[in-house]
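*Asks:* Residues per chain, in single letters:
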Amino acid sequence: MPHAVELQHIRKFFPSTGVLASDDVSLSIEPGEVHALVGENGAGKTTLMNILYGLLAPDTGQILIHGQAAHITHPNDAIRLGIGMVHQHFKLVPSFSIAQNIMLGIEPNRAGFVNGRTEAEAVRKLAAGFGLPVDPHARTGSVSVGMQQRVEILKALQRDARILILDEPTAVLTPQEVRELYTVVRNLAAAGRAVVLITHKLIEVKDVADRVSVMRRGRMIGTHPVAEVSIRAMANMMVGREVLLQVAKGEAAPGEVVLRAENLLVAGAGGVPAVFGVSFTVRAGEILGLAGVSGNGQTELVEALAGLRPVDAGTITLFGKDITASIVRDRREAGMAHIPEDRLVMGLNLQTTLDENVVATHYQKPPFSARGIFQFKPMRRLAQQIIDAFSIRAARVGEPIRMLSGGNLQKIVLGRELEGRPKFVIANQPTRGLDVGSIEFVHKTLIAQRDSGVAVLLVSVELEEIFALSDRIAVMFEGRIMGLLDARDATETEIGLLMAGSSLEREAV
Amino acid sequence: MLKRTQQTFGSLAFPLLATILGLIVSSLFVLTARADPLTAYQHLFCEGFGSSGCQTFGNLLLIDVPQAGGGTQTVFAPFYGEKGHKLALVLERATILILTALSATVAFKAGMFSIGMDGQLVLGAMAAAFLGYAIPDQIYALGKIDPKAIPPAIETVMHIVVPLLCIAGAMAAGAFWSWIAGFLKVRLNVNELICTIILNTIAVQIAGYLINFPLRSDVNNLARTRRIEDTAWLVPFNRGIFQNVEWFTGARLGIGILIALIAALALWFFLYRTTAGYEQRMARGSRLFARFGGIPGGRAVLRAMLISGALSGLAGAIQILGVERRFVDGFAAGGLGFDGVLVAILAKESIPGLLLVACFYAGLQQGSLNLQFANLPRQLGGIIIAFIILFSSMETFFRAQFGKVWSRLRPPRRPPAAPLSENRTPAL
Chain A
122 MPHAVELQHI
132 RKFFPSTGVL
142 ASDDVSLSIE
152 PGEVHALVGE
162 NGAGKTTLMN
172 ILYGLLAPDT
182 GQILIHGQAA
192 HITHPNDAIR
202 LGIGMVHQHF
212 KLVPSFSIAQ
222 NIMLGIEPNR
232 AGFVNGRTEA
242 EAVRKLAAGF
252 GLPVDPHART
262 GSVSVGMQQR
272 VEILKALQRD
282 ARILILDEPT
292 AVLTPQEVRE
302 LYTVVRNLAA
312 AGRAVVLITH
322 KLIEVKDVAD
332 RVSVMRRGRM
342 IGTHPVAEVS
352 IRAMANMMVG
362 REVLLQVAKG
372 EAAPGEVVLR
382 AENLLVAGAG
392 GVPAVFGVSF
402 TVRAGEILGL
412 AGVSGNGQTE
422 LVEALAGLRP
432 VDAGTITLFG
442 KDITASIVRD
452 RREAGMAHIP
462 EDRLVMGLNL
472 QTTLDENVVA
482 THYQKPPFSA
492 RGIFQFKPMR
502 RLAQQIIDAF
512 SIRAARVGEP
522 IRMLSGGNLQ
532 KIVLGRELEG
542 RPKFVIANQP
552 TRGLDVGSIE
562 FVHKTLIAQR
572 DSGVAVLLVS
582 VELEEIFALS
592 DRIAVMFEGR
602 IMGLLDARDA
612 TETEIGLLMA
622 GSSLEREAV
Chain B
2 MLKRTQQTFG
12 SLAFPLLATI
22 LGLIVSSLFV
32 LTARADPLTA
42 YQHLFCEGFG
52 SSGCQTFGNL
62 LLIDVPQAGG
72 GTQTVFAPFY
82 GEKGHKLALV
92 LERATILILT
102 ALSATVAFKA
112 GMFSIGMDGQ
122 LVLGAMAAAF
132 LGYAIPDQIY
142 ALGKIDPKAI
152 PPAIETVMHI
162 VVPLLCIAGA
172 MAAGAFWSWI
182 AGFLKVRLNV
192 NELICTIILN
202 TIAVQIAGYL
212 INFPLRSDVN
222 NLARTRRIED
232 TAWLVPFNRG
242 IFQNVEWFTG
252 ARLGIGILIA
262 LIAALALWFF
272 LYRTTAGYEQ
282 RMARGSRLFA
292 RFGGIPGGRA
302 VLRAMLISGA
312 LSGLAGAIQI
322 LGVERRFVDG
332 FAAGGLGFDG
342 VLVAILAKES
352 IPGLLLVACF
362 YAGLQQGSLN
372 LQFANLPRQL
382 GGIIIAFIIL
392 FSSMETFFRA
402 QFGKVWSRLR
412 PPRRPPAAPL
422 SENRTPAL
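First to last, the protein sequences are chains A and B. In terms of our numbering, the numbers along the first sequence are unbroken and rise by one, the last being 630. In terms of our numbering, the numbers along the second sequence are unbroken and rise by one, the last being 429.
Careful: at least some of the hints might be erroneous.
[To be verified] For lysine to any residue, the following SDA-like pairs were computed, each having C-alpha atoms within a straight-line distance of at most 20 angstroms:
#	chain 1	residue 1	chain 2	residue 2
1	B	Lys349	A	Thr473
2	A	Lys498	B	Thr276
3	B	Lys349	A	Leu471
4	A	Lys486	B	Pro297
5	B	Lys349	A	Thr474
6	A	Lys498	A	Thr474
7	A	Lys486	B	Arg300
8	B	Lys349	B	Ala387
[Unchecked claim] Stretch by stretch, here's where chain A covers chain B in the computed footprint (C-beta under 8 angstroms, at least three residues):
#	segment
9	274-280
10	288-298
Simulated from the structure, these hints should not be mistaken for laboratory data. Ideal Cβ placement from N, Cα and C applies to all residues, glycine included.
Based on the provided sequences and hints, a complete structural model is requested.
*Replies:* Now the structure itself:
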């Protein structure tokens, strides 16, 4: 039986960045298997799959589909050859119904007139056939993220995808939705289709994949049956050295209350309330983890705390001082630091240099400014300090940061925010999109901050991260805190239920 | 250091390539006008940048000068000033271009795509034209001085104070006009592009009203203000300190070019060496980032708009005080400010680059004016300039194409390292 996909000696060089993203990579995928493709950021996983899907042209190498040489220059070629791809960011029309989205571009029609009823019927049949029930008439924008992903998968299946590529499919799902997705993926494989799972979550690989291919810095390190490799071995292959998956953490020694939020009411985009009467405290020397599926008001809450979004009602106090209406600069003066969710847009200015980025929060004070004139020496010294303290090898003082990897960029943000001894740190998705090595580093740093008496508010959609770091866990759902648990005796199931909106019998802490 | 040199070379090579491509493509139009492209271009460049007697491209550098005793001598052309040099005319034009391009650059660097230079320049010019006679009049009236017999001491002081006051007034007028757009943007998030376009029209109409009614000085066919007093006049070099240097003959080039160069230097210092400039560049890089870091972005934008308007106003003042000496109807419709926007964009908002581009652009304009004397349509100049600009703006496209060729010729490097560091806990 021929391989479903065979990539032979694929090479891809990006002249604009000078990166060899794929260096003589060969990979074969069998029909009926779930094949995980893992690697750090920038290892070349997505590049490789984009080549397979016709979004990028390889410099050299060839692609065989079901044993036949294929020339894929456009996604349409890929679709014709039975390749389907579900992107990390869904490509759906929110105002269309689910049926319309699935049939988009291949609508059953008579002389150009689309028949909505046949369309819906075809979708219903398709969905039932794969055991993926959907409501064909529901408006796509109003269904849950998990359902939207299902629509994407159905869309690929409707085009008869024999080879399905899923790019980071679980990043946006609740634990329950992740379980459902696993079942779907296993069923598809059982039906003889090949599924490629791009991910950097190794637990997922263990749970669902048959074989795993590890990439590192543009090269294929190896392909192994999942049953034969441990998570630790995979992590080491990915990074090329020993990594700690679980950072050691001692008991917390919580001190005085640093931040107190009371009955916060915050409006989201368009004036719709996004946070409804949220109250909590963060003490010195503890990490409060705020769990929840993304889009349940965490962003708005963090922005309100950081002074980027007005508070409609309620109060925020820092060390007993009311800062509800303070401007960002005053909050920072009072000891607040903020590691933002989006480091590329909010955390850093990629158009400028390392030096100018590290002084962004205190450029106006001596020694960086003397009577309004910029002082370069202290600025360079600080940049060098951060490079040394956080071992950002690739960064150079005075040079642009545009080319640095996600992990290094996050280290710059950490360096800047933790400089000047903050007393309250908001860490919003601090490891999103980072690889195992960088995650380990960020986790160690946050725990070191906690141990030195800093109050940390950790916001994350990754349950592993919440469990690894938090001393107490708050769960947000639709703008409310559903429960506040002690991390020592909270279980993943409990948190998962709270994340999905059910309340628990017991209310701890 | 080598890298620096390479970068400079790279940034100069591209405009050169764009110019050559522009000339090649416009040859088609020259040919349809039944002319020889080489001759036409030699004429264009000689009229734009050459000395008198310039005939060929080579003459731009070296020229044979007839000697008094017969025979000729070869001299370095840019220094050969017999009957005036075209470069003096180029610098006269470039003065305004530099100032308006600086004005555009400072606004762009704050993330404001303001193209209000035209309106600000017109109002600045109007203010300078009015103050240029109104201030001396007031001084004469207050001091009971006879304008025909001013005591020399007072005259000297007036020669310094009056132009300064006129310039200050012009800068204030321009700054105010620009501030309106900035204020509307910061407070009400009104699109600055649309806002400045409308403000330009309003400014031109205001100037048209003033020139035709309250400030009209005589019954000349063309409405115009009274000529500014001599004490307000920024005397051109060829009438003042360099009147014996033939190089300056025919050009109303004056102290304005020095003011423009000082403004360029000052603006560079402001943008790259002061915290206020830093605020403004950060606000542009990412508005979210600025807010996140606590940088007062709105204040930075307003400051940039004030500086931008003041520079355009200054450009208007210099055009009136140094070149035209009165505001004539039609000045406002000239679109002087838009060329500055173009120069700023072509120079990619670099201040040294803008100085070069302004001079080059001024030279092309200068050269195309005289194309008709070589039996060529005057519009040809505009076509050539437009093609050069078109190719200059295609830089990204060309770089990508060259990048492809380059990557085939050159073996690839290893990808930049993923973190291999022994991650230790930070000591901070």
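*Asks:* Could you run down the list of hints and mark each one as holding or not?
*Replies:* Okay, the hints, checked on the actual structure:
{"no.": "1", "hint": "B:Lys349 with A:Thr473", "verdict": "15 angstroms, holds"}
{"no.": "2", "hint": "A:Lys498 with B:Thr276", "verdict": "14 angstroms, holds"}
{"no.": "3", "hint": "B:Lys349 with A:Leu471", "verdict": "18 angstroms, holds"}
{"no.": "4", "hint": "A:Lys486 with B:Pro297", "verdict": "14 angstroms, holds"}
{"no.": "5", "hint": "B:Lys349 with A:Thr474", "verdict": "18 angstroms, holds"}
{"no.": "6", "hint": "A:Lys498 with A:Thr474", "verdict": "15 angstroms, holds"}
{"no.": "7", "hint": "A:Lys486 with B:Arg300", "verdict": "17 angstroms, holds"}
{"no.": "8", "hint": "B:Lys349 with B:Ala387", "verdict": "17 angstroms, holds"}
{"no.": "9", "hint": "274-280", "verdict": "holds (count 7)"}
{"no.": "10", "hint": "288-298", "verdict": "holds (count 8)"}
Checked against the numbered hints given earlier, this structure breaks none of them.
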